[in-house]
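Work out the full structure: start from the sequences and follow the hints.
Protein sequence lines correspond, in order, to chains P and X. First residue of the first sequence? That's 1 in our numbering, and the numbers climb one at a time after it. First residue of the second sequence? That's 1001 in our numbering, and the numbers climb one at a time after it.
Certain hints may be false.
[Said to hold, decoys possible] Restraint ranges, calculated between C-beta atoms of paired labels, are given here:
#1 P/Ala109 / X/Leu1115: 22 to 30 angstroms
#2 P/Pro156 / X/Gly1116: 36 to 44 angstroms
#3 X/Trp1288 / P/Glu369: 54 to 62 angstroms
#4 X/Leu1115 / P/Asp68: 40 to 48 angstroms
#5 X/Gly1116 / P/Leu245: 30 to 38 angstroms
#6 P/Glu369 / X/Lys1286: 50 to 58 angstroms
#7 P/Gln98 / X/Val1248: 54 to 62 angstroms
These are calculated hints, taken from the structure and not from any lab test. Everything numeric in this text was worked out from a predicted model, so none of it was measured. Glycine is no exception: its CB is placed at the ideal position from the N, C-alpha and C atoms.
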Amino acid sequence: MKKNPNRHLMAAMLAGTCIAGLPAMAQDGPIKIGVLEDQSGDFAAATNVKVHAIELATKEINDAGGIDGRPIELVIYDTQSDNRRYQEFMRRVLQQDQVDVVFAGFSSASREAYRPIVNQFDGLAFYNNQYEGGVCDANMIVTGAVPEQQFSTLIPWMMEEYGPNVYTLAADYNFGQISAEWVRQIVDEQGGTMVGEEFIPLGVSQFSQTIQNIQESDADFVVTLLVGAAQASYYEQANASNVDLPMASSVNVGQGYEHKRFTPPSLSQMHVTTNYIEEIDTPASNDFVERFRAMFPDEPYINQEAANSYIGINLYKQMVERAGSTDHDEIRAVLGEGDVCFDGPSGNVCLDPQSQHMSHTIYLAKVEEDHSITFPEVWENIEPYWLGDAGCDLTQNDPSAQYTPSNPPPAQ
Amino acid sequence: MEFFPASFSIFYQFGNAFAFLVISCAGLAVIFGMMGIINLAHGEFIMCGAYVTASTARAGLPLPLAIACGALTAALVGMVLERTVIRHLYHRPLDSIIATWGISLIATQAVLILLGPSMSGTGTPLGSTLVGERSYSIYRLVLFASAVGLLGGLYLLFYRTRFGVIARATIQRPEMARALGVDTRRVYGLTFGLGAGLAGLAGGLYAPTMTMVPTMGATFIVESFVTVVVGGADIFLGAAPAAAILAVIKAALTAWYGQLFGQIGLLVAVIVVIRVMPGGLSAFIKRWQR
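Here's what the structure looks like:
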């Protein structure tokens, strides 16, 4: 009896290898999209909605006849907010499931965990998150906003509005460190002063000393680059201690909808630059929200990553149809033409061939006393210019590296 | 800076760190010290207390009552678990670690599935007060008072009540206690319930200051284990002085070098203590008393 299941497994594996070995057959079958997102664990509040956005885009495309007549088939795995799961499932979707493209990742740590595997198997991955920027990798297409889009708009506006003295509070890992470096650089360029900078280990939830340090400094506003549920306790504690300073961030509201989850007024005076949130009152945005809630009536919040994921699927459809193939080189040749654009929920966006990042309309969202959102400023068509200016050109070569302002691409 | 505001600020930071360590470790210390069980589900009892507190407070119950509700619920859950799972593992300490760890994983994921990835909190009550030029959260002072009150209450419970005498007798000489007619199983059950209830109390007290997520218990775990390991098996001779010493280390390092070094300081302290006095502070103090 004990041998039987093994034999079945072997047979299934053999069959699997045979099918995978016949690419001609796959051409007419569905287009397979791997989805690796955190549906449980620490990040689930912000990332469940990405899976739903991908499902919405897939349903709309399949109902309208699919990509080039081929339906989309989603292969979804729950990565459980665990970087090891990303590596495990990335291998599985690329080797075993043989997907055509992968949509994956929330935290920068997870992206850096799976990126070498995508490179190893020469896959194609969409990273649909705002992040610290700098990934110059031909196997990656990034639809999320990057620091030059979020900070070069936000920080000068804040300094103009509230004053030149800046205190940064950042999560102590690659995202926080690199974002803080961007803030430092922009504050310096604008003639401001960094009156303080503190890096908080992930998982820290008690901030009373940090709050006191901020109160002792002459900060005009605080840049909060805090990540995860534990660190989010800062806002409640700062409010209880009556810190009463304007806050600026690239991470809050736009992904974790803290203004909905926290008790007012803990997040009041928070300013966030985001490329999409459901409060944006344009016909395209309202239409998107309506279609989203029709399919997922209980969705707590439609954040920027949901819009990016939705846009990502539609951009992929466009590139495959223009290339007439799911072959990565042919898709990148289409991307290289520089006119891969999509007019979606967040306005018109285009992919930049040099960095394979995306242009955005950037909205400045301000959280009011009662946690409602106003938009004091909108910047249209902000390019992801930094990588290209710094010397990353994926149409020429593929370093598959991540760069920062203090560690730019080597001069050619 | 004037003398009073400066010293108040130092006291406030110390009190804040002390309160967090004492309140978060009390439940763990009781269960470990009295029963020898290393309860890896400690964080989930805290989460349970916090969730019950937040939801009853939002339903309209005054906060102190809501906190009591949270602690009681955690105590009841603890007693049920003791009867169904822990009781069978008293002579297998390693297995009890695995079992409580399993309980913690099940609890976290079950709450995630049933109640979703986050829950709205209650907001910190009492506002802030101005001392010198700085404003301080009054609720933090309440937390410090609660920590001191908690230690006092536990002292009275264990040294001035009949339950305390029987519980200590059961811990020290279980066979003798049984021979004298003590129902030791019931005492173990109540003690585990007390530990779980203290964890629930920690969750309830900190619920208004934190983000409510199923994994929130994990943020208490490092501090509570560090305090218990440094303190050793006795909560009064061990955990309380350990919390005071660690609070000084943590508050000072955080003030001078930031949160990262506060965290490093805690962990270095625990390594040094394990190396120098393996039984923790309480064993050291007891030996020195003799």
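Hints and how they fare:
1. P/Ala109 / X/Leu1115: 22 to 30 angstroms: holds, 26 angstroms
2. P/Pro156 / X/Gly1116: 36 to 44 angstroms: Roughly 38 angstroms apart at Cβ, these two residues keep to the hinted range, so it holds.
3. X/Trp1288 / P/Glu369: 54 to 62 angstroms: holds, 57 angstroms
4. X/Leu1115 / P/Asp68: 40 to 48 angstroms: holds, 43 angstroms
5. X/Gly1116 / P/Leu245: 30 to 38 angstroms: holds, 31 angstroms
6. P/Glu369 / X/Lys1286: 50 to 58 angstroms: holds, 55 angstroms
7. P/Gln98 / X/Val1248: 54 to 62 angstroms: holds, 59 angstroms
Going through the hint list in order, the structure satisfies each hint without exception.
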